[in-house]
Amino acid sequence: MTFSAELEARFAKMMQSYPPGRERSALVPMLLYAQDEIGHVSEALILEVAARLNISRLDVDEVIGYYSMLHKRPLGKYHVQVCTNISCLLAGGEQLLEHAKKSLGIGHKEVTPDGQFSLEEVECMGACCWAPALEINYDFHHFVTPEKLDQLIASLEKVQ
Amino acid sequence: MAELVTLTIDGAQVQAEKGALLIDVCKARGIEIPAFCYYEGLALQAACRMCLVEVEKMPKLQPGCTLPVAEGMVVKTDTPVIHEARKSMLEFLLANHPLDCPVCDKGGECELQDMTFRYGLGESRFLENKHHVDEQQWSPVVFFDRPRCILCYRCVRICDEGVGVDALGVVQRGVVSAIAPSHGDHLECDECGMCIDICPVGALTSGMYRYKTRPWEMNHVGTICTHCSNGCKTTLGVRGGQVIRANNRDHSGINGEFLCVKGRFGWDFVNSTERAQSPMLRTNGRLEPVSWSRALMTVARKLNEVKQRGGRVGFIASNHTSNEENYYLQKLARQGLRSNNIDHHRTGDVVTLIDALAGRTDALATVADLYAAKASLVIASDLAQQQPLLHFQLRANWRHHRSRTYVVTPGPVRERKFAVKSLHAEPGRELDAVESLRDDLSKEPELVILFGDAIQGDAVRRLVAFGDSLGIPVKYVCLLDYSNSRGAIDMGLAPGLLPGYRPVAEAGLEPGMTIAEMLADASLDVLWVVGANPLRNARLAAENAFVVVNEMFLAETAQRADVIFPAASAYEKEGTVTNVCGEVQSLKKALKVMGAKTDLEIFGLVAAEMGIDLGPFQPGAVFEEIRREVRGYNVSLPVIATGGAAQSVPLNGRVPALTRAELIQSARDTLFTSGTLGRYSKNLTSVLEHPGKLYASGIETP
Ligand code: SF4
Ligand code: SF4
Ligand code: SF4
Ligand code: FES
Ligand code: FES
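As you go down the protein sequences, you meet chains A and B in turn. So in my numbering, spot 30 of the first sequence is number 554, and the numbers just go up one at a time. So in my numbering, spot 662 of the second sequence is number 1437, and the numbers just go up one at a time.
Keep in mind the hints are simulated off the structure, nothing from the lab. For clarity, every value in this text was computed on a predicted model and none was experimentally measured. Do not rely on the hints blindly, as some may be mistaken.
25 Å max Cα-Cα, derived DMTMM-like pairs, lysine to aspartate or glutamate [claimed, not checked]: (1) B:Lys1192 / A:Asp583; (2) B:Lys1192 / A:Glu547; (3) A:Lys596 / B:Asp960; (4) B:Lys1192 / A:Glu572; (5) A:Lys633 / B:Asp960; (6) A:Lys682 / A:Glu561; (7) A:Lys596 / B:Asp909.
Pulled from the structure, derived: some chain B residues nowhere near chain A, Cβ distances all over 10 Å [claimed, not checked]: (8) Lys802; (9) Glu992; (10) Asn1059; (11) Gly1086; (12) Thr1417.
Ideal Cβ placement from N, Cα and C applies to all residues, glycine included.
Looking at chain A on its own, in the form it has when it is part of the complex (with noise of 0.2 Å):
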């Protein structure tokens, strides 16, 4: 399998920057850029990264089902991120959820028809001080209201 060559560099910075023996602790940045690169983390991207590092495909399957923003499946162009947890619970976070459910007709880790949006719950992002937060793919939302949310959606909808 082959990656960007921006994507190959950072693969052969990072395997410098661990003790030798300890390559294994690329694991799950290496899982991620290439997430980004890819848009999902492929069968073909596990026995990749499980040949790159010399472990099994059980030990990066351990890795993946231990963190949730590795995803086996494609996920939209923009990845709806809606906290749900204390600080942005008290302030809406659960009706804004709902919200983005029923203005992008789909629920928790789907997938719109169109592959533009997907959509999940997360747990805290460390943006408790502005609740209710989003992320969509890296990009943080402040104070985000149903309103602010369906803005934020029609104008990516525009950008195709």
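Mind docking chain B with the ligands on chain A? Use the hints.
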């Protein structure tokens, strides 16, 4: 001497080694701290929280399994708070547990049952439906019933750390975490069943044993595995004349809890429907069942007749029969028939090793030495495949003591994962590679050298000379294949050697014929083959020879027989066997298979019928004679009688070199094959990995 600290446990002053784990210190003082995930010899996990204790000045309850003791520590293990904590832990563990104890394999032997009985609440506050997942089959031998699992990680650790296969893991997290097999929905592994055995509950069960019995309905018989030369102690679970389980949960014997796939599952040949169960006699060219007395009389008469006319008789003996049977057979041959034509399939050159050591009594390693030695060198063997227990020992030694292993092999082997140096050596070039390790090896404080069949004859002498020249204490293991390969040569089943490696000349006899010579001798009158299959890939030149066969299965050699005696397996007899390290252990009769007799009975009855007096043919009496007569075998009777292993020391000087070229060749069995026995074990042939391949480690990484 390690530093000692003084602490208080339940009000009593206790001295203990600094840094020792509280759970171990308590155990040594007879205080039980309940534990699930803690397991002696495996990495600490602290997953189950069953072991919580109160420690003064520490705000929360502490897990005793990971807490090192320190000076002045004040510990309480038995307070109302702890009782509450244990109750809560068990209540959580049982929240989704199916409580199908009445049908669960583990019922009666289950640690969760015992703990609940002892420390549990007796009722649950959970009213919700239990989370159910269907049972999964991961291989013919391993089944997984997920709701029963308490996630103690023991199976994961024994497979990774103990066996070195790393085929199990934990996927997902929280309430949905689950043990998962190496290949998504199935296992590809050693199929050793160590994970099943170590599971404290009935989550991992075996395909052979599941839903067959209640544990208390079996008889448990501790005997010795009959597959390879390592001599693992195994406890057979027998019910209604059938073996249905083998394990070693009492950790007795030289192997502790270890058993490989053959020892744990390869016992089903015993109850195979293809077992020979009646003596057969060739009549008008066809083998017909006859009575025991007719078969015995026919053979006795034939032997007497040939003896009287000075005809030629040969014996091809077994690698699986007991020391007593071997000893008695060579007596029958030598005293009864004045014949030295007796041999067996030799799988390693012990004779030259013993000769080269020339009387040194401390140079033969035991299985325990492999766990204790600071360094070891493996030459020309795929240990994990061919000598599973020895591999396990070396690995455990590395894990626990950071011992140093060197490997010289013709291909990749599993020890390479932890060896300090692994060298590739083409067959025949092993000693050159060994020589290149001289500087490293001579810096070691001590060394155990294990060598395979590629090192034989003069190469053995050169290897011992090399060992001597290192200037450090060196011990040796000459690797052999079968359960009593060592006992066969020790008991003189060789044309030139009497029991105890005494040359036949000492008894005023000429050396007899080797296996190859017997098969090629066109004028042979009688050939008696005991538990061996020489005609599998060879021809018998003497077309008119009268062939007698003691066998369990009618394999190639038996097809050529004139008389077949159905023989009992090692699991059906008493006696002793000697493992690859020369350790003598006793066999215990676990069951009786209809129609079969032990080889000792067969030899004894034929001798009696012939009118020769070879002494009583009871195992105990013959063993007494062996202890008296065979040098090196004066082993401690109490050790043997109580299920222990006592090393024989057959080293009273040189063994005059055998003048004849004798074929020494390993059978090259893998972890999943075991000569004829393996062919008739459905359990062994059913696994995906069968038949396996030597020197293929490393290729398998998924
Ligand atoms: S059977 Fe043995 S090798 Fe296979 S998973 Fe269990 S412990 Fe590991
Ligand atoms: S399967 Fe058994 S040994 Fe493995 S984690 Fe579950 S309870 Fe423990
Ligand atoms: S290592 Fe050898 S003796 Fe031990 S269980 Fe396996 S086959 Fe039997
Ligand atoms: S609870 Fe939502 S960001 Fe912390
Ligand atoms: S035994 Fe201590 S946490 Fe499991």
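- Item | Lys802 (chain B) remote from chain A - nearest C-beta pair above 10 Å | Non-interface label on Lys802 (chain B) holds, nearest chain A Cβ at 32 Å vs cutoff 10 Å.
- Would the pair Lys1192 (chain B) and Glu572 (chain A) pass a check requiring their Cα atoms to be no farther apart than 25 Å? With Cα atoms ~21 Å apart, Lys1192 (chain B) and Glu572 (chain A) stay inside 25 Å; holds.
- Query: Does Lys633 (chain A) pair with Asp960 (chain B) here, judged by a C-alpha cut-off of 25 Å?
  - Reply: Given pair Lys633 (chain A), Asp960 (chain B) holds - Cα atoms ~24 Å apart, limit 25 Å.
- Task: Measuring Cβ to Cβ, find out whether Asn1059 (chain B) lies farther than 10 Å from everything in chain A.
- Result: Per Cβ check, Asn1059 (chain B) is outside 10 Å of chain A; nearest 61 Å; holds.
- Task: Would you mind confirming whether the straight-line C-alpha gap from Lys596 (chain A) to Asp909 (chain B) stays at or under 25 Å?
- Result: Holds: Lys596 (chain A) and Asp909 (chain B) sit about 23 Å apart, inside 25 Å.
- Message: Check the hint pairing Lys1192 (chain B) with Asp583 (chain A) against an upper bound of 25 Å on the C-alpha distance.
- Response: Distance ~17 Å between Lys1192 (chain B) and Asp583 (chain A) Cα, so the pair holds.
- Would Gly1086 (chain B) pass as off the interface with chain A, using Cβ distances and a cut of 10 Å? holds, 63 Å
- Would the pair Lys682 (chain A) and Glu561 (chain A) pass a check requiring their Cα atoms to be no farther apart than 25 Å? holds, 22 Å
- Message: Verify this label for me: Glu992 (chain B) is non-interface relative to chain A, using a Cβ-Cβ cutoff of 10 Å.
- Response: holds, 37 Å
- Task: Would you check the hint for Lys1192 (chain B) and Glu547 (chain A), treating anything up to 25 Å between C-alpha atoms as holding?
- Result: Holds: Lys1192 (chain B) and Glu547 (chain A) sit about 16 Å apart, inside 25 Å.
- Message: Using Cβ atoms and 10 Å as the threshold, tell me whether Thr1417 (chain B) really stays out of contact range of chain A.
- Response: holds, 43 Å
- Given pair status - Asp960 (chain B), Lys596 (chain A), alpha carbons within 25 Å: holds, 17 Å
Against the hints set out earlier in the document, no violation occurs for any number.
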